[in-house]
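Peer 1: The residues making up each chain are set out below.
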Amino acid sequence: MLKAFFTPQSVAVIGAAREPGKLGYGVLSNILKYGYTGQVYPINPKADQILGLKCYPTVLDVPGPIELAIIVIPNKFVPQVMEECGKKGVQGAIIISAGFRESGMDGIKLEHQVLDIAKRYGIRVVGPNCLGIISTHTPLNASFAAGMPPKGSIAFMSQSGALCTAILDWALAKEIGFSHFVSLGNKADVDEVDLLQAWKDDKHSRVIIVYMEGLRDGQKFMEVARQVTQHTPVIAVKSGNTAAGSRAVSSHTGSLAGSERAYQAAFHQTGVLRATSIEQLFDYSLAFAYQPELKGRNIAIVTNAGGPGIMATDALESSGMKLATLEPETIETLRQGLPAAANVYNPVDVIGDALADRYEHALKAVLQDKNVHGVLVILTPQVYTQIEETAEVVGRLAALYGKPVLACFMGEEKVGPGIKILNRYSIPNYPFPERAVGAFRAMAAFSERRQRPAPQYERFEVDRERVAQIFARARSEGRVTLGDAESREIMEAYGLRIPRSILARTVEEAVEAADSIGYPVVMKIASPDILHKSDIGGVRLNVANAEQVRDLFDLLIFRAQRYMPEAQIWGVLVQEMVAKGKEVIIGVNRDPQFGPLLMFGLGGIYVEVLKDVTFRIAPVSREEAVEMIDEIRSYHLLRGVRGEKPSDLDAIVDAILRVSQLVTDFPEIVEMDINPLMVHEAGKGAVAVDMRFVLKEKESEE
Amino acid sequence: MITLYITSTTPYAGKSALCVGLGRHFQKNGYKLGYMRPLTTVKTRIGECVVDEEANLMRQSLGLTNHVEAIWPVCLDAPAIEAVLRGEGPDYPKIVMDAFVELSKGKDIMILEGGSRCNQGLGVGLAADRIAEMTGAKVLVVAKYDVSTVIIVDDLLADKARLGDRMLGAVLNGVDRQRLDFVQELVVPFLEKRDIPIYGVLPLERLFASVSIGELAEAVQGEIICRPDLADELVENLMVGAMSVDSALTYFRRKLNKAVITGGDRPDIQLAALETSTKCLILTGNLRPNPLIISRAEEAGVAIMMVKHDTMTTVQLAEQVFGKTRFHQEKKIARFESMLAERFDFDRLYRALGLRKGP
Numbered sequence: 001m002l003k004a005f006f007t008p009q010s011v012a013v014i015g016a017a018r019e020p021g022k023l024g025y026g027v028l029s030n031i032l033k034y035g036y037t038g039q040v041y042p043i044n045p046k047a048d049q050i051l052g053l054k055c056y057p058t059v060l061d062v063p064g065p066i067e068l069a070i071i072v073i074p075n076k077f078v079p080q081v082m083e084e085c086g087k088k089g090v091q092g093a094i095i096i097s098a099g100f101r102e103s104g105m106d107g108i109k110l111e112h113q114v115l116d117i118a119k120r121y122g123i124r125v126v127g128p129n130c131l132g133i134i135s136t137h138t139p140l141n142a143s144f145a146a147g148m149p150p151k152g153s154i155a156f157m158s159q160s161g162a163l164c165t166a167i168l169d170w171a172l173a174k175e176i177g178f179s180h181f182v183s184l185g186n187k188a189d190v191d192e193v194d195l196l197q198a199w200k201d202d203k204h205s206r207v208i209i210v211y212m213e214g215l216r217d218g219q220k221f222m223e224v225a226r227q228v229t230q231h232t233p234v235i236a237v238k239s240g241n242t243a244a245g246s247r248a249v250s251s252h253t254g255s256l257a258g259s260e261r262a263y264q265a266a267f268h269q270t271g272v273l274r275a276t277s278i279e280q281l282f283d284y285s286l287a288f289a290y291q292p293e294l295k296g297r298n299i300a301i302v303t304n305a306g307g308p309g310i311m312a313t314d315a316l317e318s319s320g321m322k323l324a325t326l327e328p329e330t331i332e333t334l335r336q337g338l339p340a341a342a343n344v345y346n347p348v349d350v351i352g353d354a355l356a357d358r359y360e361h362a363l364k365a366v367l368q369d370k371n372v373h374g375v376l377v378i379l380t381p382q383v384y385t386q387i388e389e390t391a392e393v394v395g396r397l398a399a400l401y402g403k404p405v406l407a408c409f410m411g412e413e414k415v416g417p418g419i420k421i422l423n424r425y426s427i428p429n430y431p432f433p434e435r436a437v438g439a440f441r442a443m444a445a446f447s448e449r450r451q452r453p454a455p456q457y458e459r460f461e462v463d464r465e466r467v468a469q470i471f472a473r474a475r476s477e478g479r480v481t482l483g484d485a486e487s488r489e490i491m492e493a494y495g496l497r498i499p500r501s502i503l504a505r506t507v508e509e510a511v512e513a514a515d516s517i518g519y520p521v522v523m524k525i526a527s528p529d530i531l532h533k534s535d536i537g538g539v540r541l542n543v544a545n546a547e548q549v550r551d552l553f554d555l556l557i558f559r560a561q562r563y564m565p566e567a568q569i570w571g572v573l574v575q576e577m578v579a580k581g582k583e584v585i586i587g588v589n590r591d592p593q594f595g596p597l598l599m600f601g602l603g604g605i606y607v608e609v610l611k612d613v614t615f616r617i618a619p620v621s622r623e624e625a626v627e628m629i630d631e632i633r634s635y636h637l638l639r640g641v642r643g644e645k646p647s648d649l650d651a652i653v654d655a656i657l658r659v660s661q662l663v664t665d666f667p668e669i670v671e672m673d674i675n676p677l678m679v680h681e682a683g684k685g686a687v688a689v690d691m692r693f694v695l696k697e698k699e700s701e702e
Numbered sequence: 001m002i003t004l005y006i007t008s009t010t011p012y013a014g015k016s017a018l019c020v021g022l023g024r025h026f027q028k029n030g031y032k033l034g035y036m037r038p039l040t041t042v043k044t045r046i047g048e049c050v051v052d053e054e055a056n057l058m059r060q061s062l063g064l065t066n067h068v069e070a071i072w073p074v075c076l077d078a079p080a081i082e083a084v085l086r087g088e089g090p091d092y093p094k095i096v097m098d099a100f101v102e103l104s105k106g107k108d109i110m111i112l113e114g115g116s117r118c119n120q121g122l123g124v125g126l127a128a129d130r131i132a133e134m135t136g137a138k139v140l141v142v143a144k145y146d147v148s149t150v151i152i153v154d155d156l157l158a159d160k161a162r163l164g165d166r167m168l169g170a171v172l173n174g175v176d177r178q179r180l181d182f183v184q185e186l187v188v189p190f191l192e193k194r195d196i197p198i199y200g201v202l203p204l205e206r207l208f209a210s211v212s213i214g215e216l217a218e219a220v221q222g223e224i225i226c227r228p229d230l231a232d233e234l235v236e237n238l239m240v241g242a243m244s245v246d247s248a249l250t251y252f253r254r255k256l257n258k259a260v261i262t263g264g265d266r267p268d269i270q271l272a273a274l275e276t277s278t279k280c281l282i283l284t285g286n287l288r289p290n291p292l293i294i295s296r297a298e299e300a301g302v303a304i305m306m307v308k309h310d311t312m313t314t315v316q317l318a319e320q321v322f323g324k325t326r327f328h329q330e331k332k333i334a335r336f337e338s339m340l341a342e343r344f345d346f347d348r349l350y351r352a353l354g355l356r357k358g359p
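For the protein sequence lines, the chains are A and B, in the order given. 1 is the number of the first residue of the first sequence in this note's numbering; add one for each residue after it. 1 is the number of the first residue of the second sequence in this note's numbering; add one for each residue after it.
These aren't lab readings, by the way, just hints derived from the structure by calculation. Where a beta carbon is used, it is the ideal one built from N, C-alpha and C, also for glycine.
List time: in silico DSS-like cross-link candidates among lysine-lysine, alpha-carbon distance up to 30 Å: (1) Lys258/B x Lys696/A; (2) Lys105/B x Lys94/B; (3) Lys105/B x Lys357/B; (4) Lys220/A x Lys3/A; (5) Lys331/B x Lys107/B; (6) Lys331/B x Lys696/A; (7) Lys3/A x Lys200/A; (8) Lys255/B x Lys696/A; (9) Lys255/B x Lys611/A; (10) Lys109/A x Lys308/B; (11) Lys109/A x Lys258/B; (12) Lys54/A x Lys22/A.
Covered stretches of chain B (in silico footprint by chain A; criterion: 3 or more residues with CB under 8 Å from a CB of chain A, positions within the stretch not fixed): (13) 176-182; (14) 263-269.
Working from the sequences, and respecting the hints, build out all of it.
Peer 2: Okay, structure coming up:
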């Protein structure tokens, strides 16, 4: 897939120029300079020869086939050239030219036009308004970038072309290798999802990294990302995660950014690692690109300084990683090879006067220990420290044991030559221990994710037809919100427990209803006109017996008539009094990019303050539902504190799964919540006390 | 010839709508229709001529060829009222009768659009009962169900007492959907028992209170910069967008067919509005929106207008046009006709008037 872009047999540069300094010259010269071995055809009606190659007026004049066209001409000529490419049978086009969607109404129209032509001929398009593509292993530098990164195993895609140039420059200085380097530009056709798919099985790419501002189709992204992360780590920086940032994205891309929570949930569910900065993006990607898989959370630290060792330990602990417990034999070996003042327990401190040999002894010992999954080597440049020699030792040993080794040679000037050596051995170096630990953590997250089975979505027996009818009726009446009775009916149809409830029109009916439900009961005035029933004293809890029911029936009716004489009164609703339990919320809000965003959290009166909630994109599996409950801070409250009986967690999981099924079955639900879901002791279930629905309006008829 | 006089219990009850709805039904069944509004109190100036806009629109809606002045023979404007008070007014019943005779020539059915209350025009001898007597009309009363049931019932009973056998019956209009069953099951039988036939119970629809995008643009002095072809589209709700984008979606989802007023520099809010049921974006501060948004709106069929005012002023201006709506828009008429087809007992009306259905 997308082979034409990465390993084409022949390329044409449309708009190749003779004058250095022009983009059309830069692109052609990059292709030639960086060793492309296929056929290259400059296209320029006004030139005979450029850079020693014969020039053709149009692609149609080229004798042989053309697989990839790189278009570097003024925007208004692009449609015509695309037509010609179509006729020529070109498979891929990189449109570097700007002046499309990013530039205003005319540009938008032009982009649509170009895309229509591309679709008609089946040409895939990267760009427009992009920097181009670099594939180092082909090698092909189809870009106007200044330089070519070394061969490597990082595949990089970016929505921002300018960021590409900066990263490229930085990578050149640091000698960081890439497999592919793609600037997506306006993403008229090829987008993140296409590239993920294309790179999924690419033998040169060990890690895929993405800079994105927004996605076109969140659901499709999830589907593809889920497959890719089974074997290749994907790291993403998603910008626009604050209100102001998201506004900037909106005006930059013209699309409503999905909510930050939805992105967070989607990344989490698909195993895409989220980096919060470009720095982190590369911290993580170097570890994945250079080192073998981290198969557990236990890390050994070898350091020549106590302070940084402790900082690294703190970082490990607080990020959920573990300081490996060394085997007694390892400790013994360490004791024999290290001075008495050294610390032979993890973190292993070889102390300040350590030369390279002491590092070698310690590193060998911990790498051999079966309790150790990865090693962090910390070096501070002290008086006797052999920086380069130590780097050599680390590099040599790291390759022998199949365990990841990350380095933290702290400083800059003195340690510089050492870092260069580490880089040659593909040992990533981090200036501070916390960043190295962050990389380990990302590695652990990736391999744990791989070990998890693919999510299974359970389906319950439900009465889907009934719900469809309720929605159809509401929509036929031009409503987007549902009444209480309708909401209750939906809950019932999807097997969620609701309080028993009977409408009584007379005192006798009320007593009968209360008798059949069992005391105590709740009584509520039933009127379509009175919205805030408790405000007028229209709700009474804990009604204990028939006598109270009689008194209250009259009182409630009287109050309602008194406060709102014109209100239509149906009678009194007699309801099961839901026993006190733990209040939780289950909510759904449809995200424009990802679909139903499911929320779970602690309910009750403090919910607004505590915001103790967690999110997933529906549908969710049973494991994910359990994870949601585990994730909230108040999880321990649900487990029961100080001798309290635990709450019925199974009933919560069940409710989450049923809601997940409901909103997946009915995409017209744009919002809903159950607040509160009253959860009782384990085995006693949960009851949906109050719920609310908002539907999408009917699709417009136009 | 049959004459039907349509009056109401309160202003803005839906008289014009019923005149057009019934009138068109008669026309479709092959009857030659005449229309007159015996008495009015307002005149509007269009260019040089002082004409009544409503009368003009009614002519268009019913496809009539008579002069506006003829359709609308008496206008009690301020000078006319003063004359009446001095005892100097003309013989109004005669004017109305002459006009009626003239207009009803060659017609099978005359619809008279009466005052907004049964007793309107009493002072000049033009109350409902008087006109009905003069013209031999049957009276149909429209009651808008936006007050309590007691008031509706009392008003209709009072009209019945005043009009007696002249009263053909009533139509209950604008009934909240949640109340439909209640009205149908309890109110209708009660009135029927007291000899007030109910020809239809019509539900409340926001569409009838809606404003066209063109009207809105006029009200806020806006310039429609995207999809001016949608100027006749109707807006039912007005919302203001000045929140974070996450809450915007939740907020915008609750109202249908709305116009959203927000700053031209809020692309996130504009996009959120486009994501939900929106007919029109009203962008304040004279700030041109991002072209990407214009193109999205164009595709989504949403008009955009730019306004020089700030958001506050724009809201005030826009709110003024809501409620003061005109019925004479093809979309509203079509919807009202289909509502009548569904919920108005034409057979009964035809029988009561002694008409045959079908040409």
